[in-house]
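Hey, can you piece these two chains together into the complex? The hints should help.
As given, the protein sequences belong to chains A and S, one line each in that order.
Each residue of the first sequence is one higher than the one before, counting from 825 in this note's numbering.
Each residue of the second sequence is one higher than the one before, counting from 26 in this note's numbering.
Honestly, I wouldn't trust all of these hints.
Facing chain S, a subset of chain A residues (Cβ under 10 Å, in silico) [to be verified]:
(1) I850
(2) N919
(3) K967
It should be emphasised that the hints constitute simulated quantities derived from the structure, not laboratory data.
The C-beta atom is built at its ideal place from N, Cα and C for all residues, glycine as well.
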Amino acid sequence: MTRMITYAEAVNEALRAEMRRDHRVILFGENVSSGWRPATKGLKEMFGRERVRDAPITETAFIGAGVGAAIAGLRPVVELMLVDFGLVAMDQILNQMAKTTYMTGAAVNVPMVLRCVYGAAGGAAATHSETLTALYAHMPGVKVAAPSNPYDAKGLLVTAIRDPNPVAYFEHTLLYPTEAEVPEEQYTVPFGVANLVREGVDATVVATGRTVGMAAEAADRLRGDVSVEVLDPRTLVPLDEEAILRSVAKTGRLVVVDEDYERCGFTAEVAAIAAEKGFHSLEAPVARVANPNVPIPFNRRLERHVLPDKEKIARAIKAVMKS
Amino acid sequence: MLMSPGISDERLLDLYRVMVRIRSFENGVKQLMKEGRCGRVSLSAGGEAVAAGVSAHLTSDDQIGSTHRPLGHLVAKGADLKRMMAEITAKSTGTNRGKGGPYHIFDKSVGALGANGVVGGSVPMCAGYALADQLRGDGSVAVSYYGEGASNQGGVQETLNLAACWGLPVVFVCENSSPEVQRMLGHEIDYPQLSIDDVGSRGAAYGMPGSTHVGWDVETVYTAAGEAVKRAREGGGPSLLEFKIYRLDGDMDSGYCPIRLLRERLTGGGVLTEELDAEIWDAEAARVREAIDYAVGSPEPELIDAYTGVYAEET
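Isolated chain S, as found in the complex (with noise of 0.2 Å):
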């Protein structure tokens, strides 16, 4: 039986494996963490229905630009997973040979360009990607990922602006993780941080489509997203999505835990079985241990490699 019109179970299946992915990844990470294999990263539990139901529409033609709370956005778009934990480990197998770190990760090969440590830093730089694309022509789209604090960043803001006097092909996906308050995560100040209730409405104010949507719910976002990529592709333009979530501890207690939420209607609908759901999270279990195994037994740099990379070599 179909549980979603316009989405097949089989899409929904795969929604909730990558889901499930991210959360497994992030809480191998977080193991690592306790065991002070590596230092804090900023995990993004809450988030991966915006990060899977985004990335199910691209390819590794498109590319994505991320934040520093990339993990979700990667594992989304196909980042290597062991080259990753590699690099959260500061080991020389990491995708930046462990000279990034987490929030810098970039895997060229599957178009996650990259993480970023600057709040709304690697926005303007998918502008970039979204120009490549457009001149390009063959239809590649740039998805810029943020959170509601960089919405204010004077470059997101100039960037909004570039991309709808350029009609870039990208799509600004705006993670709102303090739909309430409208306080960062972390910045729970006097002070608002934001003077309006939705990002989304900003969108309007630079001439492009922007609007609001529950981030914990895959098929709103898979849906949202798909309509904005197709508008990018299709040269109309850029998009503003904002997307509402919750950041939580990891654990699927949250009535706003995506993967919860998909679970019970997998389940509740007969696509999802018991079996089906141990053998999804086994396998990514599986993984993620693969992936850890692989970065602890991996060396270190070698000091020589301090001042390697600087400056690119000619070709």
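One chain only, chain A, in its complex shape (with noise of 0.2 Å):
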């Protein structure tokens, strides 16, 4: 049965339902006993303070704690409320949660989550607005994951607490209120497939996390003018790549978007996969929209400057019909 909840609703039944599934299954991080914050809310007292513990502000070590208690056999997940803070335990990330399986020689594995609450919330400033998913997506050894809707949300959630790599899953402050019908029972979605949101012909859009919703938004108020199919890939790694291929196959142009920093960025590696392995399909140069390369501003006006929205959207969606 389905009814309507809240993108941080899903997220909380995932982990709920997991940690009842799952002895194994332990949520940690800054303040996850807090009944403040709605996707965590009421694990504590669900199952109890062992299972569900608070962290010191202390990243590197209760980062480093997860991809040992991964290690040694649990299945953390760690949250890092926001996705800037984990550059201050960028060895415990990119080294030892990434590289640890590998150089194994896969004798050991990190079946860890790092749930990285991401994006720009208006006026937050450019240490507590950012995406950083190519940072994840660049490191061999992580999975990431950036649902774009609550569906999606508990789905691929469950996915990763299952999966026997370090995940990174990425949930943006800004969806946690949105809602949608989503099942009571538990159910995955898998990685590496994509989700076709809007079916069209002219022109395909590629968005993640929140720019999925305002890039079908620009889909359906450009209708009747541009064909625009819209794809969410759900995981960036691993990526759909031949979902994305088949649709420039089809329309022959490409309008790639994200909420991260446009350079070495995830619209680049779409771009570059266009360019290598579609390039007889593209009728126009691909467009790209995406955090200009500066630190998010402060002022609420300059930070929606910087940021994508359905308007620049359509715009890139113009620009590639004209060319």
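Structural data, given as structure tokens:
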């Protein structure tokens, strides 16, 4: 049975059911026992302070503890209150979490989920607003999931928890209150399978995370003039290249959108894949809508100016249609 | 006769054997380096008493995390000598299939989890091992080895705090190999690495017992580690042990050589005869030769192996 719940409740539900299903699943991070945080609310009361524990504000120590606990046989879900704060713990994330499986010849593995809360939420400035998915996707050994809606939020988190590898799971702050139909029962959304959000024939938009909704709105607004296909890869690693290339082969035009920095970002990766493997399908240069390589400004007018939105996406679609 | 109060002669002989095993293994590695059969490996001569004295209290259900000078810790924990030697020589039969090297040796079967190439890198992970031990509730413990240089790392300080806050069953073992100059070996710069004399004093800053000991005397190490491990096993939480050691060249000349020191004591006490001593060294040398033969005779990884194991397979 499905009913309307929020994205944050979907995260909460996935955690609750997986913790009930598998005693090895534990949760820790800053303030995870707090009643104010919707994604983890009620879990401490349900599972106790041993399995749901608040960590001191020391990302290196508690993320490293997640890596160790995973190697030692647990299934830790570690919450990074904001993805920006992970920058103080890069050794544990990008060296130890990412590489230990490979460096041990797969003698050990790291079944850990790092829940990264991310995104510009309005006037929080550059160290509390970033996306940084590309940073994680760049490092071999990490899987990267970025659900764009409550259904995927639940299904992808279940998959992430059951995956034998470290998964960086990206939850956008502004998606927390969005609602959608979500089944009550536990289900999985597979990694590496893109979601066809809108079907179209003139142009393909590949968007991730919060920008998927913007891309769908842009597509709806252009309906009648341009038939836009919107693809949500759902996971950046592994990436459903085939779905992207299939769509580009059909439309011949590609716009790539995300909230991360443009330079060496996910949008650059998708554009490169299209150039390498779909070049002969392309009828126009690829367009990108992403942060124009500036730290997120505090002033909200400036913040809006550098972030993607549906108008920018619509403009980019029109631009690729003209050339 | 009993050589030492609280430690049986038999136990002392066991400790001696382990220390000889470590020294022999590392001397074997040294020989391989000289012959150009492996790259540069950071050796731990001088620290054998710490590795042996701590690990004597551990079983294969307990975990250790180590450093970029890990061989003593790994040997004492019981890691497979042949597969370690194969890893050091980058062979496909190595503990890590030739993809980690000596600074990243893991042998999960004995809880050696593992060496780490980043100074202080394994310390937060040890909190995770201890967390798993705590939740399992079977009395297992983790030991986190690091050096005086790593003791300054933010992650190490953070982990001391986390372990104390969560009451984790972990013993932090800091091997201070520059007991006088307070400068990390190989980093003899103008300024000291440490602003204090004793790293053990940092335990108090995090609300755990911290103590400083002579690390070339295996009886001292054994006794101090025994108390800390017992405390952790019984749910008493973490402790910090600092052992002062001198890094040696691998010979027995130094007065700080833990093997020489114990040998003199055991010989003087009549526990170790010259014959038995020779027997012990010969037996360990034979094991090392066997390990070297295994490593030398093992194949390199295939090129395709560069692409495997980035991710673990679904199980």
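Results of checking the hints against the structure:
no.: 1; hint: I850; result: 7 Å, holds
no.: 2; hint: N919; result: 6 Å, holds
no.: 3; hint: K967; result: 7 Å, holds
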